[in-house]
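Chemist: Protein chains in written order, with full-length UniProt numbering: chain A, 1 to 338; chain F, 1 to 400.
Watch out, some of these pointers could steer you wrong.
[Stated by the list, open to error] Non-contacting residues of chain A with respect to chain F, defined by C-beta distances greater than 12 Å in every case (computed):
hint, residue
1, Lys26
2, Gly95
3, Gln176
4, Val327
[Claimed, not checked] In silico DMTMM-like cross-links for lysine to aspartate or glutamate, where the CA-CA straight-line distance does not exceed 25 Å:
hint, chain 1, residue 1, chain 2, residue 2
5, F, Lys107, A, Glu291
6, F, Lys135, A, Glu195
7, F, Lys107, F, Asp49
Since the hints were made in silico from the structure, they are not lab data.
All values derive from a computational prediction rather than experimental measurement.
C-beta: ideal position from N, C-alpha, C; glycine also.
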Amino acid sequence: MVATLLSAAPSGIPEPFLRAESTLGKFMLMFFAIAFFAAVFGLVLFLASLFKGRTGEKAQGAIFAAPAVLLLAVGLMYPAILTIIQSLRGKSGDGSFSFANYSAMFTQPELLTVLRNTALWVILVPFLATAIGLLYAILIDRARGEAFAKALIFLPMAISMVGASIIWKFVYQYKQTDRPQIGLLNQILKVFGFETRQFLLDAPVNTLMLIIVMVWIQAGFAMTILSAAIKAIPDDIIEAARLDGVYGLRMFRYITLPSIRAALVVVLTTIGIGTLKVFDIVRTMTAGQFETSVVANEFYNQSFRYDAPGLGAAMAVLLFVLVIPIVTYNIVQMRKEA
Amino acid sequence: MLTTTADTDVGGFPLYNGSSGTFLPVKEGNDAMATVKFDEATRVYPGNDTPSVDRLNIDIQDGEFLVLVGPSGCGKSTSLRMLAGLEEVNGGKIWIGDRDVTNLSPKDRDVAMVFQNYALYPHMSVADNMGFALKIAGVDKGEIRKRVEEAAKILDLTQYLDRKPKALSGGQRQRVAMGRAIVRSPQVFLMDEPLSNLDAKLRVQTRTQIASLQRRLGVTTVYVTHDQTEAMTMGDRIAVLKDGILQQCATPREMYDSPANVFVAGFIGSPAMNLVSVPVADGGVKFGSHTLPVERDSLAGGGSNVIVGVRPEDVEVGNEGDGLELTVDVVEELGADAYVYGTPTDDAIKLEGGDDSLVKPFIARVDGRRVPMKGEKIWVQPNSSHMHVFNAESGARLSH
Numbered sequence: 001m002v003a004t005l006l007s008a009a010p011s012g013i014p015e016p017f018l019r020a021e022s023t024l025g026k027f028m029l030m031f032f033a034i035a036f037f038a039a040v041f042g043l044v045l046f047l048a049s050l051f052k053g054r055t056g057e058k059a060q061g062a063i064f065a066a067p068a069v070l071l072l073a074v075g076l077m078y079p080a081i082l083t084i085i086q087s088l089r090g091k092s093g094d095g096s097f098s099f100a101n102y103s104a105m106f107t108q109p110e111l112l113t114v115l116r117n118t119a120l121w122v123i124l125v126p127f128l129a130t131a132i133g134l135l136y137a138i139l140i141d142r143a144r145g146e147a148f149a150k151a152l153i154f155l156p157m158a159i160s161m162v163g164a165s166i167i168w169k170f171v172y173q174y175k176q177t178d179r180p181q182i183g184l185l186n187q188i189l190k191v192f193g194f195e196t197r198q199f200l201l202d203a204p205v206n207t208l209m210l211i212i213v214m215v216w217i218q219a220g221f222a223m224t225i226l227s228a229a230i231k232a233i234p235d236d237i238i239e240a241a242r243l244d245g246v247y248g249l250r251m252f253r254y255i256t257l258p259s260i261r262a263a264l265v266v267v268l269t270t271i272g273i274g275t276l277k278v279f280d281i282v283r284t285m286t287a288g289q290f291e292t293s294v295v296a297n298e299f300y301n302q303s304f305r306y307d308a309p310g311l312g313a314a315m316a317v318l319l320f321v322l323v324i325p326i327v328t329y330n331i332v333q334m335r336k337e338a
Numbered sequence: 001m002l003t004t005t006a007d008t009d010v011g012g013f014p015l016y017n018g019s020s021g022t023f024l025p026v027k028e029g030n031d032a033m034a035t036v037k038f039d040e041a042t043r044v045y046p047g048n049d050t051p052s053v054d055r056l057n058i059d060i061q062d063g064e065f066l067v068l069v070g071p072s073g074c075g076k077s078t079s080l081r082m083l084a085g086l087e088e089v090n091g092g093k094i095w096i097g098d099r100d101v102t103n104l105s106p107k108d109r110d111v112a113m114v115f116q117n118y119a120l121y122p123h124m125s126v127a128d129n130m131g132f133a134l135k136i137a138g139v140d141k142g143e144i145r146k147r148v149e150e151a152a153k154i155l156d157l158t159q160y161l162d163r164k165p166k167a168l169s170g171g172q173r174q175r176v177a178m179g180r181a182i183v184r185s186p187q188v189f190l191m192d193e194p195l196s197n198l199d200a201k202l203r204v205q206t207r208t209q210i211a212s213l214q215r216r217l218g219v220t221t222v223y224v225t226h227d228q229t230e231a232m233t234m235g236d237r238i239a240v241l242k243d244g245i246l247q248q249c250a251t252p253r254e255m256y257d258s259p260a261n262v263f264v265a266g267f268i269g270s271p272a273m274n275l276v277s278v279p280v281a282d283g284g285v286k287f288g289s290h291t292l293p294v295e296r297d298s299l300a301g302g303g304s305n306v307i308v309g310v311r312p313e314d315v316e317v318g319n320e321g322d323g324l325e326l327t328v329d330v331v332e333e334l335g336a337d338a339y340v341y342g343t344p345t346d347d348a349i350k351l352e353g354g355d356d357s358l359v360k361p362f363i364a365r366v367d368g369r370r371v372p373m374k375g376e377k378i379w380v381q382p383n384s385s386h387m388h389v390f391n392a393e394s395g396a397r398l399s400h
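One chain only, chain A, in its complex shape (with noise of 0.2 Å):
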């Protein structure tokens, strides 16, 4: 990849020091890149101390982030441009200017799921992720043994979105109800006198069969930020509110809960941009078949696999539309707080 990042920069680089086929060659493309990265930076510090005085500290500063503006501009405006217009030229991506893109998104049934799906991820992972985190940091808090409690319920986030699926895969999976089971909840089932059941096929199950995942993923974020927010409550202000008559439930609606606000605030932010743009779990358990594809899911599919690259973009614009108010309420609230 940095190979072919660098035969795009300008030319009158030796062509053999960019080949990456032998170990000398790899350590050389490293010992390039770092002295390529050694000099723009020392490039960009020269030219900030060319600049002196009050005025010069503005010029300093456009210099310094220069480095940082340009790599966005190629990396993320350009190929946002790109696919938004992309997405205005019909399925194919460079036909005429139409919203026909958008219109199949909201009218085509089969996409109309997969906003659905899209829209029951966004709901219910966040909040039964931060219920479930909340509650857990609420239960072990400073109970005896909180820290393997809380690396039993943090240990998730530390597998991959596919090893985590491909666990669960298992957990679902389903045989005939006379035969042997390997899937636990199938052999959970059949030990209590149920049918076995095909949970990944059956909709709209199968969405909240996905969902599971990335809750059990998501709680144990969810929890160590909270049971952080949670001790980080003075005692004093505890023990106040108990001398002012406060316990139990309402201890935490009028104290612990407006303490954590920030807190949750950021934890069901991140977790909701985090499902936004879920895709490995979908893309592993069911690829999207049985009406479980969703936004981030389907235009990969769309772009890449039946070969509508301009529906595929029309998606990802969509996908890019609904994070900014999360990430804009986000921000608001950051703001607030400090």
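Chain A is fixed; fit chain F onto it per the hints.
Modeler: The following block gives chain F in isolation, referenced to the frame of chain A:
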């Protein structure tokens, strides 16, 4: 949403007196008698062998301002927290009025506490902070507003009622914490070093304000501090604690004039009392070259040495060769008078007390117009009518 368990009574005592048109505590016969009694109250922290508060006995009168004072780790805050219900009582009992509150939860004790760091609820406005306990108790909204406004007027907080604690200065926050306690009109105020986060000037001002406010409201108050000046200036009575054990409980004057033991003698008063271990002699004790007359009865059972205590203002600078010889180290000029810090020339004579290994100087107050020079030798002896004699072993007071 959760205000169904509203009770306007806390522990059987009305929270406010509507008919009098004021929220201030109004005595209602014997009901409102808020004496406080520590009866052999003991607190042992789990994992500790020695109790943090060891069989504490104090009787506090209705309306009294009692100050718990002592060095850090002496158990004064723990005692207060036991009274608040924030700390378990492992032995003995605690009474408020005629109620045994030993095992009651904090909310049922009808006490209000001012915390060292004020413990204001950061997400509530000043008014909500002050009215929170009443809201929880289910008091009517208009009534809460009225009482909060009256308390705010007393504390000069009216213009800050809608602010959040974050937007207040340290002194204002301290007053909000006071207001939160006042609004509840509890039977007992508990204050845990409420002035320690204020700057020196504000601390002196607020000290006076709290003392006068307490007298105005007439609410029994238990106040914890490590500062003996605060204790002396504010308290009706002072209780000195050390290592969880009550050393003495008396009025400031009594505490100053006849400390019960060496610890109290050294703790109360600034600059501290000079405590010198001296040998017993015929007809008294030997203080340098001087024999101080002490009644034989007082010395009975005191061993061959006793500790003589003398406050700096009771030190008399005598003639050469008469009394204890000192080398002057430092002279602090205060205008009207001066404090002389000296060390006994005789190395064998050591002063008692002091909280570190440093040699403790002998302090004498002298006339500001006749001040000895640094390095000069002076001879001092106590004014025998203001002299304290303590047992060298137990530290207990021997003289009367």
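Chemist: So, for every hint listed, does it hold in this structure?
Modeler: Hints, one by one, checked against the model:
1. Lys26: holds (55 Å)
2. Gly95: It holds; A:Gly95 is separated from chain F by about 55 Å at its closest Cβ, greater than 12 Å.
3. Gln176: A:Gln176 clear of chain F: closest Cβ-Cβ about 50 Å, beyond 12 Å.
4. Val327: The claim holds: A:Val327 sits with its nearest Cβ about 25 Å from chain F, beyond 12 Å.
5. F:Lys107 <-> A:Glu291: It is violated: about 56 Å lies between the C-alpha atoms, which goes past 25 Å.
6. F:Lys135 <-> A:Glu195: Violated. F:Lys135 to A:Glu195 sits at ~55 Å, over the 25 Å cutoff.
7. F:Lys107 <-> F:Asp49: This hinted pair is violated, its Cα atoms lying about 30 Å apart.
Comparing the model with each numbered hint stated earlier shows that hints 5, 6 and 7 do not hold.
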